[in-house]
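A.B. asks: What follows is the residue order along each chain.
2 protein chains.
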Amino acid sequence: MADWQVIEGNITAPKGFKAAGITAGLKPSGSPDLTLIYSETEAIAAGVFTTSQVRAACVDYCRQRLQAKASARAILVNSGQANAGTGKQGWDDAVESAQLLAQGLNISPESILLASTGVIGQRIKMEQLRQGIAPLIQSLAPNGGDKAAKAIMTTDLVPKTIALETKIDGRPVRMGGIAKGSGMIHPNMATMLAFVTCDAAISTALWQQMLSRATQKTFNQVTVDGDTSTNDSLFALANGESRTAAITEMGPNAEKLEAMLTAVCQHLAKAIARDGEGATCLIEIQVTGAPDDQAGRAVARTIAGSSLVKSAIFGRDPNWGRIAGAAGRAGVKFDQNNLRIKLGDYVLMDQGQPLPFDRSAASNYLKQAAAGAYLQQDTVLIQVDLGTGSGQGTAWGCDLSYDYVRINADYTT
Amino acid sequence: MADWQVIEGNITAPKGFKAAGITAGLKPSGSPDLTLIYSETEAIAAGVFTTSQVRAACVDYCRQRLQAKASARAILVNSGQANAGTGKQGWDDAVESAQLLAQGLNISPESILLASTGVIGQRIKMEQLRQGIAPLIQSLAPNGGDKAAKAIMTTDLVPKTIALETKIDGRPVRMGGIAKGSGMIHPNMATMLAFVTCDAAISTALWQQMLSRATQKTFNQVTVDGDTSTNDSLFALANGESRTAAITEMGPNAEKLEAMLTAVCQHLAKAIARDGEGATCLIEIQVTGAPDDQAGRAVARTIAGSSLVKSAIFGRDPNWGRIAGAAGRAGVKFDQNNLRIKLGDYVLMDQGQPLPFDRSAASNYLKQAAAGAYLQQDTVLIQVDLGTGSGQGTAWGCDLSYDYVRINADYTT
Numbered sequence: 001m002a003d004w005q006v007i008e009g010n011i012t013a014p015k016g017f018k019a020a021g022i023t024a025g026l027k028p029s030g031s032p033d034l035t036l037i038y039s040e041t042e043a044i045a046a047g048v049f050t051t052s053q054v055r056a057a058c059v060d061y062c063r064q065r066l067q068a069k070a071s072a073r074a075i076l077v078n079s080g081q082a083n084a085g086t087g088k089q090g091w092d093d094a095v096e097s098a099q100l101l102a103q104g105l106n107i108s109p110e111s112i113l114l115a116s117t118g119v120i121g122q123r124i125k126m127e128q129l130r131q132g133i134a135p136l137i138q139s140l141a142p143n144g145g146d147k148a149a150k151a152i153m154t155t156d157l158v159p160k161t162i163a164l165e166t167k168i169d170g171r172p173v174r175m176g177g178i179a180k181g182s183g184m185i186h187p188n189m190a191t192m193l194a195f196v197t198c199d200a201a202i203s204t205a206l207w208q209q210m211l212s213r214a215t216q217k218t219f220n221q222v223t224v225d226g227d228t229s230t231n232d233s234l235f236a237l238a239n240g241e242s243r244t245a246a247i248t249e250m251g252p253n254a255e256k257l258e259a260m261l262t263a264v265c266q267h268l269a270k271a272i273a274r275d276g277e278g279a280t281c282l283i284e285i286q287v288t289g290a291p292d293d294q295a296g297r298a299v300a301r302t303i304a305g306s307s308l309v310k311s312a313i314f315g316r317d318p319n320w321g322r323i324a325g326a327a328g329r330a331g332v333k334f335d336q337n338n339l340r341i342k343l344g345d346y347v348l349m350d351q352g353q354p355l356p357f358d359r360s361a362a363s364n365y366l367k368q369a370a371a372g373a374y375l376q377q378d379t380v381l382i383q384v385d386l387g388t389g390s391g392q393g394t395a396w397g398c399d400l401s402y403d404y405v406r407i408n409a410d411y412t413t
Numbered sequence: 001m002a003d004w005q006v007i008e009g010n011i012t013a014p015k016g017f018k019a020a021g022i023t024a025g026l027k028p029s030g031s032p033d034l035t036l037i038y039s040e041t042e043a044i045a046a047g048v049f050t051t052s053q054v055r056a057a058c059v060d061y062c063r064q065r066l067q068a069k070a071s072a073r074a075i076l077v078n079s080g081q082a083n084a085g086t087g088k089q090g091w092d093d094a095v096e097s098a099q100l101l102a103q104g105l106n107i108s109p110e111s112i113l114l115a116s117t118g119v120i121g122q123r124i125k126m127e128q129l130r131q132g133i134a135p136l137i138q139s140l141a142p143n144g145g146d147k148a149a150k151a152i153m154t155t156d157l158v159p160k161t162i163a164l165e166t167k168i169d170g171r172p173v174r175m176g177g178i179a180k181g182s183g184m185i186h187p188n189m190a191t192m193l194a195f196v197t198c199d200a201a202i203s204t205a206l207w208q209q210m211l212s213r214a215t216q217k218t219f220n221q222v223t224v225d226g227d228t229s230t231n232d233s234l235f236a237l238a239n240g241e242s243r244t245a246a247i248t249e250m251g252p253n254a255e256k257l258e259a260m261l262t263a264v265c266q267h268l269a270k271a272i273a274r275d276g277e278g279a280t281c282l283i284e285i286q287v288t289g290a291p292d293d294q295a296g297r298a299v300a301r302t303i304a305g306s307s308l309v310k311s312a313i314f315g316r317d318p319n320w321g322r323i324a325g326a327a328g329r330a331g332v333k334f335d336q337n338n339l340r341i342k343l344g345d346y347v348l349m350d351q352g353q354p355l356p357f358d359r360s361a362a363s364n365y366l367k368q369a370a371a372g373a374y375l376q377q378d379t380v381l382i383q384v385d386l387g388t389g390s391g392q393g394t395a396w397g398c399d400l401s402y403d404y405v406r407i408n409a410d411y412t413t
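Note that the protein sequences, when read in sequence, are chains A and B.
Mapping to UniProt numbering: the first sequence position 102 is 102, numbers consecutive.
Mapping to UniProt numbering: the second sequence position 328 is 328, numbers consecutive.
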C-alpha cells in the first residue's frame, strides 16, 4: 500500500544534507555529545515543541526563530546538559552557541536552530562547546547521519534512524530521520529530539501543517513514563534539492509526502517506545469503535500509559481487567457492555464480559512477543473496541520493569 | 487550631454504630474478607464514586440507591473479587447480596449499600457470601470497627483508621473512618474504599455537599500509580445519635463538622498514599502561588504522580529538575522565571534558577524523612511556589520502588 521504499541511511539520505557527531567533552561519559545537521541550501523549516511551562532556552529560542523566518541551514544539538531551568544565563548560552556556529559556517545566525538534551538545571558546558564548534564543522560529511544519530543519545541504548524514498512526478524524493528519547517520554512531546530531512520542494505553511498532523498521530501517541520534558523538539527541514516542482497545496503529491512524513515519524516514535528506559518490549494499543479519532487516540494513550498495564505486561500476565480499567478512566464516554479486548489473537473480553481463555497460552503470547522485540520485529499487540462509534487511534508504549526504577532512582547522583 | 481531638477507635466510635469483619472464604489467602457496617437507626447517607466508564456492579447499584433515597442502615463490603467487568451476572449478584443481608438484618433492601474490591473481572464468590451473611451479622459488635478495617484490605499492609470528637452546642459529636487502598490509586477516586460514620444530625443535601468538597481536597489529591479504579467508593453515614440539633444550613456548627469531615478524609487519604504499593515513604506536595486553588491542586497532583519524581525520591536523590519538569506539564500557566522549589528546609530553585545547595545534606533529608514514614510521623515535603497568584493546593503520593513493579507484575497469576 505504501508508496515508498525503505532505503539505506537516515538524515543524510536526502540530497544536499550533511551531518556530523563528535565528542566535545560535554558528557562525563566521554561518548559523542555534539551534533550538527546541515543543509547546503536554505531549507524550509517546521518545528513542534514541548507544551511544558518549564522550557529549555533552546525551545524558546527556536520557537521565536521559526516565527520570524520558517527556514534554516543548520541544527546544532548538544547532549549532556538540558539547559532548562537555567534562566537568563541559559538564554545567553543559547544565543552564543548559535552565533559561534554561524560564524564557523559563515552563514546568518538566523539560519541556525538549536536543541539540547541532558540534565535539567545544568547549563551547557560552554568552554567545551566553544572548542567543539570548529572540529564539528570539520567533521561534516555526506554520510554523517549515523554519527549524528549516536551523538544525540543520552540514556538511549540504540540509535533510532530511518530513510524512505518515493517518486514525485517521476523524480526520486527522499526523507530521513533520527531521534533520541528514552525516559520522560509522554504525549505532547517527551524528552525526545527528532530531526527529519527531506529534499522535496514544498511551501512553508503546508510543511508545518503536515508536521503538526503527523506529530498528533505519532510522537504524541508515545508514552514511556508519562513525563513530558522541558526540551522536546522536532524539526523537519525540506530543501527542495530533489528539483521536483514545489508543492503548494494539498493534492496527490502532497498526500504522498505527508504519508511518508507520517511513516518516518511513526517509525521514530515506535523506536523511542521500544527503547524506553528499562523496557523489555514495545506495546502497541489499537483502539477502534471510539466516538471519534481524538477519543480513540486518548483511550489508546491512557492504556499505553497505565503503570498497572505496563507492569502486568512486564510480568507476562494477560490481566485484561487492568486494560479495561485504564480504558474506563480515559475521559471518553462509552458503554462498558460493548467493550471488547484482544491480546494478540486471544479475545479476553467481549460485550463487557470476561471470556474463558487459555491463560497460559495468552501468557505465552506475551513472552514470545516480548522476546521478538529485541529483534525489532514483534510487538505486544492490544486491541480494544469500545463499540460506540467509528473513531480509532493507536498508541505505543513499553512495559514497566525493575530497570526503569533502577535507572531513574539515581540519574543525577 | 483544630476544634476536635483524636480519640480511640474508628467507625464504631460514634454512637449507634456497630461493625463486623469475618473470613467468609472469598479470598484465597484465608484472611478476613467480608465486612458489615451497621447503624442502629436509619442514617443520612452520602456517597462519592469512581468516574470511570468501566464500573463495578456495586457502584452503579449504590449510585441508583442513593439517588432514590439518601439514607441507609448498613454497608456490606466483600474483598477478593471486584465484581467489575462482570456484566448482567455481576449486577444480579449485587442485588442478591443486598437482599440476603436485608433478610438477615430484617430491614429493607433499600437501606443496604454495597462495595467490592479485588480482582477485576471476577464475580463475587456467591456461595461463600451466602454462607457468610449469618455469621457476619452474628459478629456485629459495638467495637467491631477494627475487624472491619482489616477485612476490607487487599494488598494493604496496614489497616487505616481514625476517630475524632468535637462538641456541638456543648454535646459530644464523634466521627470515625476506615479506608483501604494501595494500588490503582489516583485522583477521582482510586481503588480505594473509605467509610465514614458520624453521630451528628444533619440534612442530606448538606452532608453530600460537605463530602464532595472534602473529597476534592483529600481523596482526589492522592495518587499512587495514576490508575483510577472501577470500584472506588466513599460512603459517609450520619445517624443523629449524638442528639444534637439538626444542622440544616452552613454556619459555625456546619463549618466545624465539615472541617472535621475533611480532617478524617485527609487522614485516610494520606494513610492510603503512605501504604501505596511498594512505597517506602509518603510524599506531600504543597503548591502555592497558583492562579487559583484548582490550578494549585492540579500542579500538586501532577508532581505527586510523576514517575520520574517518584523514582528520584526512592533513590533519595534531590533531583529538583524533575519537580520543575512535572510542574511545567500540569496544564497550568505560569512564568518559569518565578518558580521556587523547596525540599524540606532546602531551597533548590528560586526565580526559575537553580541555587547552589548541599546535595548530600538534601539527600540526607530525604533518607531521614523516608525512614520516619514507617513511624507514620515524617513525610518528604516538597514545596513549590509558582509565583503567579494566590491559589494553593496539596497532594500526597509515594515513591516508586522495585517492589511496586514486583507486586504488580504478578497480581492475578
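The hints are simulated quantities; they were obtained by calculation from the structure and are not laboratory data.
If you're wondering where the values come from, they're calculated on a predicted model, not measured in any experiment.
There could be a bad hint or two in this list.
Derived pair list, reagent style EDC-like, types lysine to aspartate or glutamate, alpha-carbon separation capped at 16 Å [said to hold, decoys possible]:
#1 A:88 - B:255
#2 B:88 - A:350
#3 B:167 - B:255
Covered stretches of chain A, as calculated for chain B (at least 3 residues, CB under 8 Å) [unchecked claim]:
#4 8 to 17
#5 52 to 66
#6 103 to 111
#7 143 to 153
#8 157 to 165
#9 256 to 268
#10 315 to 329
Residues from chain A that face chain B, not an exhaustive set, calculated with beta carbons under 7 Å [said to hold, decoys possible]:
#11 30
#12 31
#13 87
#14 95
#15 120
#16 334
#17 361
#18 408
All residues carry an ideal CB built from backbone N, CA and C; glycine is no exception.
A.B. asks: A separate judgement is required for each hint: does it hold in the structure or not?
C.D. replies: Hints, verified against the model:
The suggested pairing of residue 88 of chain A with residue 255 of chain B is violated, with an alpha-carbon distance near 47 Å, which exceeds 16 Å. Of the pairs offered as hints, the one joining residue 88 of chain B and residue 350 of chain A holds, with about 13 Å between alpha carbons and a cut-off of 16 Å not exceeded. The hinted pair formed by residue 167 of chain B and residue 255 of chain B meets the criterion: a straight-line CA distance of about 13 Å does not exceed 16 Å. Taking a C-beta to C-beta cut-off of 8 Å, the segment 8 to 17 of chain A contributes 0 residues in contact with chain B, too few for the three needed, and the coverage statement is violated.
For the segment 52 to 66 of chain A, the stated coverage by chain B holds: 4 residues have a C-beta nearer than 8 Å to a C-beta of that chain, and at least 3 were required. Under a criterion of three residues with beta carbons nearer than 8 Å to beta carbons of chain B, the stated coverage of the segment 103 to 111 of chain A fails, only 0 such residues being counted. Interface restraint, the segment 143 to 153 of chain A with chain B: violated (0 residues with C-beta to C-beta distance below 8 Å; minimum three). Chain B is given as covering the segment 157 to 165 of chain A, and this is violated because 0 residues of the stretch bring a CB closer than 8 Å to a CB of that chain, at least three being needed.
As drawn, the segment 256 to 268 of chain A meets chain B at 0 residues by the rule of a beta-carbon pair under 8 Å; below three, the given contact is violated. With a threshold of 8 Å between beta carbons, the proposed coverage of the segment 315 to 329 of chain A by chain B holds, since 12 of its residues qualify and at least three are required. For residue 30 of chain A, the interface hint is violated, since its Cβ never comes within 7 Å of a Cβ in chain B; the closest pair sits about 23 Å apart. For residue 31 of chain A, the suggested interface contact is broken, since its CB lies about 21 Å from the closest CB of chain B, more than 7 Å.
At its closest, the beta carbon of residue 87 of chain A sits 4 Å from a beta carbon of chain B; the interface hint therefore holds under the 7 Å criterion. This hint is violated: residue 95 of chain A has a C-beta 17 Å from the nearest C-beta of chain B, more than the 7 Å allowed. The criterion of a C-beta within 7 Å of any C-beta in chain B is met by residue 120 of chain A, whose closest approach is roughly 3 Å, and the hint holds. Annotation: residue 334 of chain A was flagged as interfacial toward chain B, and the flag holds, the nearest CB pair being 6 Å apart, inside 7 Å.
About 13 Å separates the beta-carbon of residue 361 of chain A from the nearest beta-carbon of chain B, more than 7 Å, and the hint is not met. The restraint placing residue 408 of chain A at the interface with chain B holds, with a minimum CB-CB distance near 4 Å, inside the 7 Å limit.
Hints 1, 4, 6, 7, 8, 9, 11, 12, 14 and 17, counting from the list given before, are not met by this structure.
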